[in-house]
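Peer 1: Protein chains in written order, with the working numbering: chain U, 350 to 525; chain S, 855 to 1482; chain Z, 152 to 307; chain W, 499 to 828.
For the record, the hints were derived by calculation from the structure and aren't laboratory data.
Incorrect hints may have been included.
Claimed, not checked - Derived lysine-lysine pairs resembling DSS-like cross-links, with alpha carbons at most 25 Å apart: (1) 1060/S / 429/U; (2) 575/W / 565/W; (3) 480/U / 490/U; (4) 351/U / 807/W; (5) 895/S / 1103/S; (6) 368/U / 542/W; (7) 383/U / 565/W.
Keep in mind it's a predicted model, so treat the numbers as computed, not measured.
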Amino acid sequence: MKILSDIAALVTGMWITWKHIFRRPVTIQYPEEKRTPYPRYRARIVLTRDPDGGERCVACQLCSGACPVDCITMQSAEDKDGRRYAEWFRINFSRCIFCGFCAEACPTLAIQMTPDFEICKRDIMDLVYEKEDLLIDGCGKSPDYNYYRHAGIGVTQPRGSGAEEKPPVDVRGLLP
Amino acid sequence: MPKLIIDDITVEVAEGTTVLEAAQAVDIPIPHFCWHPALGKAGACRACAVKMLEGPVKGIQMSCMLPVQDGMVVSTTDPEAVAMRRHIIEWLMINHPHDCPVCDEGGECQLQDFTIAAGHGIRRYSGKKRTHVNQDLGPFIQHEMNRCIQCYRCVRYYQEYAGGTDFGVMGSAGRVYFGRFQDGELESPFSGNLVDICPTGVFTDKTARFRARYWDYEMAPSVCSGCSLGCNTTPVARYRELLKITARKNEAVNGWFICDRGRFSNSAVNDPQRPRTPLVDGRESTRDEALEALALRIAETEQLYGTGSIAIVGSSRLALEAALLLPQLAQLTSAGALCYFTSEEERATTTSHLGLLSGGTSASQQEIRESDCIVVSGCDPLQDAPMLALAVRQAWRDGATVYVVGDGIVLPCEFTAVAAVDAVPLAAAKKPVLICSASCNSDHPAGLLVQHSQLKLAVIFPAANSYGAAQLAGEQGGVSLERAVASGKIKGIISVEADIPAHLLAGIPFVAALDWRMTETVRAAQIFLPTTAWVEMDGTSINNEGRAQRFKKVMNPGLPIRGLDPAGHPPHLHRTVPPGGEAQPAWQTLALLIERVSGEPVTEPFSGRWERLRGLDAGSEGVMIHDL
Amino acid sequence: MIPIELKAELQGRIAAAVTNREAAVDVMKALQAHYGWLTDEAVVEAAGLLGLSPLQVEELATFYEMIYRRPVGRQVIHVCDSISCWAMGGETLLSHIAALLGVGVGETTADGLFTLLPCCCLGNCGEAPTLMIGDTIFGGVSLEGAAELLDQQRNR
Amino acid sequence: MIYDPIDIALLLGKIALVFFVILTLAAYLVFAERKVLAWIQDRKGPNRVGPFGLLQPLADLIKLLTKEDFRPIGADKWLFYLAPAMAAIPAIMIFAIVPFGAPLTLFGHTVQLQVSDLNVGLLLFMALSSVAVYGVALGGWASNSKYALLGSIRGLAQLISYELSMGLSLVPVVMLARSFRLSDIVNAQAGCWFIVYQPLAFMIFLISIAAECKRIPFDLPEAEGELVAGFHTEYSGMRFGLFFVGEYINIIVLGGLATTFFLGGWHGPFLPPAVWFSAKVLAFAFLFIWVRGTLPRLRYDQLMHFGWKILTPLALVNILVTGWWLVLRG
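Only chain U is shown next, with the shape it has when bound in the complex (with noise of 0.2 Å):
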């Protein structure tokens, strides 16, 4: 009879309903009691180093290009010795939704979400984060990671000693 199995159902429903009445809550009083996020959390973005101390951002656009909200803005510049970094780069706290869509588009891995999730301000415009409040000294997640020594093009090394690269071809050689 399906009536029966309904009611079943329903009985069941309202049985497991009641057991959770009597069960301690999951809740955490926030404020009081902290919970420590794993190391993965997305929270706060920031700006890492390579192992060298260079900037690891060379202002390519691609974070504010997959930000959903178009909270990061950038300039991006060549430094004197060829490195393509960002003249200012901005994140506008008040806009960001966290979704890590940036740190996930970043192909130099510059940008990094860290577990700090409390950022609040009683100003507005204090979330509006600046080049010099993202940057950190260091590296973060993957410190080996050094994207000019992966390029293929140079820049922190001599053309063609970088990692997985040939010297240069020399056209006028006389080998074939």
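Please arrange chains S, Z and W on chain U, whose structure you already have, making use of the hints.
Peer 2: This is chains S, Z and W only, laid out in the frame that chain U set:
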């Protein structure tokens, strides 16, 4: 007309079309690197593989090399073809650096697009990559040989299409190198097109190096204002800064390319010295105040010196919209002179040459490219209208004979020097074209046109909208400012984007200027109103053949963000008008002035026979004004 | 600068060709013979003679294996590494000669006598393995024969 | 009619008492609901305002009173203002006929613990519950909003449909008690509660009143998933508060009526009658909260199908069976 089936779609195309073009005609994209519509086929990259299922040829074929034939059944999605293309792309990518984040081509890179389209996302090759040393190719073009995929487009363009000899391909097999004999600036005046034509980032625009990404670009169809040819361009701007100018295809005019002068001439728009605020007697003011003062001064001048003491001065670089409003303003202020030219000589030669051009006698660049006999008479196209020289070269490549009258003229093709046009066997030619300059009145071609009915004329005018200015001067009875000032009646000048020589301004008590450049006239003016540059407005200009073309607004006027302190950027600081953004198109300022004087609002510059230009599509080939 | 006689000879050779470009290889060969290798200066000179741009000459110079755009020894030894010779021990021959000369492939001996280069096919497959010293081709070269050949050349 | 001043004083006292108790209860019912739902969901519920969050209803009240009183452009001003009152007033008026304790003797007067013991009490209940429909109808219509209008259309159809089965489920009760007077119905259950004779009618009545107070699983007029907040989408501040409190008053009142009709009213051993009555009403309230924490919302067509094709026929059959049974028993 052969009929074939591509991916279940029946296509009918002209004889001689390739399968690749036939597919493009029905919006089926086939990856390609070495094939380019302007360069034709090379069969070098192998990326355009398709499978021929039925018909005269079968199996995997290069679609760019294969002319269509009746009964062909083509599949672009056949697993075999897809696998072939995937492998080709993988091979092309073996030595390609992982530098997309620092490559200016990133985002507008054909190699990127086709690599992703082919489904090749991860590099499997674990060996070492070949590298090259770059060359310094001068201030405009950045060289990055590591990115090269050996499609040969650059060298085919540079040597064959543009006739350059200082750039080519060296070496053989796995170490070919595209470059010059030694470091140094590329000599061809069309070298900038390497940036557009390279399917990846070997050649990038050095002037816009590391500035922005394709998806952030502000772009709109535009028209070059460098010379009178009106080549079609797509200027690229970001953050109120004109970054670069790229070529835009217009088969009738410039084809696929533009000259270096047009491409690398954006500095005036970004010039920090550009006047951006209205001035009244050297004091910064608002637009309304300046207009009020201007109307008052006009009235005062006329009171003081009598009616007819005001000269309204336009110029041949002024957009058609504003030029059309000048007669209205002249009438309202009962101006003594309406001028489109400052010098009498320029007015006379331009007007007289204009009289020769009609729908039938005016040669477009396309007609030059298709001509079989070209006479360059008394002008230097490479100097005054470089794209004409390139068009001449294309005709020469197709077998046309080129004759040059005059000394010291260089063309990017072989030519025969003749003493006079009479020595050219024009009568034997089917589609002869005569190229002459409006600034040279010595051998006026009027007589030739009568002699040779099939002869077409390409006149090089001095400036972007000379044609429009001369046309209006003829219709509205415009005189040259030189003559008007000489009459002694003129006591006030309203200059609208005109470059008036200092000696003409010397005795004039009242000068007002509308302009976007810091000219001598602007410095001399008591009242100044800023106007927008061509990339900051919608406008129309008429090129040397009488083709009206629309250019669209690319960016908002205002100081580029680049020069501003980041602390003043939005969202830190918000304002409705960006700093220095008070400029408006000259015709709108004129319309406001006319409204102030007459009380009648002006909402539309095009009226009468010009009305058809209202809805002119910037993406079209333009409208010949002979047809209006 | 090349001697006037050579210049005149080359100009004659160029004049005899239908197009200048056709004579380019001959001119380069002659200049190479004169300088020992095709120096940058020689490229510019060849371009001047041929009415081409230096780049256009360079395109050809870098394309051909036997036009040397880098300094070479008095004799250039080309050892074939193409399929027939490879099958008959061309690889061993090459490394043997390299050991005899005490240089690597592509290098010139300290006395400036020999430059050792691999090359792909000398058109002598019937007598593999084969090598070429200067302009002379030697077929069926054994390891001992190679040592002998080198001695002969050295003593010449 | 004798207008004895003491009678009038007692009457006013009873009204004041009922008002005070009902409104306080309604406020705390909101609190209780939030707490119980939290427990069901393994949460803690409101616990910040006062000890255990007990002052939460007060805070809510202050919040609602101080919020901006907003009226959408194009809303029908007077109907818009009237609708919340139409929702809350009939709900509280129904309680006038509910006997909430055994008659007391005070100052020599026998005091019915009931504001008004009408001989057609049950009919008055039916009438007033019909009037409550207007709150929903007008609120949704006057808002000039598509969500509100859709909510009110649903509400109208639902309330009218379920009123039918509700009314029909009470007919056997009247047949058993042989009176429309609520005190008579209570007294008729002194021996045995009607739930024993009429389990089916009780179930139908229970379901119908759940639908009448628009509670989950019958909250289609509000349906926040689809309609934002249904008929009161556009209301803010205390006007919204009136709708809100009206719903909880409805729970108490309908709980009281269910107690009266089926659970023997204030009858019960050992404890004082008023305590019995309160306990039964609160048990109903808890049941409603518990159901809300368990069941999902019905689909609209399921709702109408259930009302018209199952509940109403069942109620009719029940009347027939009851009639036969009464006839057979004599």
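Peer 1: With reference to the structure, classify each hint as holding or not holding.
Peer 2: Verification of the hints:
no., hint, verdict
1, 1060/S / 429/U, "holds (15 Å)"
2, 575/W / 565/W, "holds (18 Å)"
3, 480/U / 490/U, "holds (19 Å)"
4, 351/U / 807/W, "holds (17 Å)"
5, 895/S / 1103/S, "holds (19 Å)"
6, 368/U / 542/W, "holds (15 Å)"
7, 383/U / 565/W, "violated (33 Å)"
In this structure, only the earlier hint numbered 7 is contradicted, and the remaining ones agree with it.
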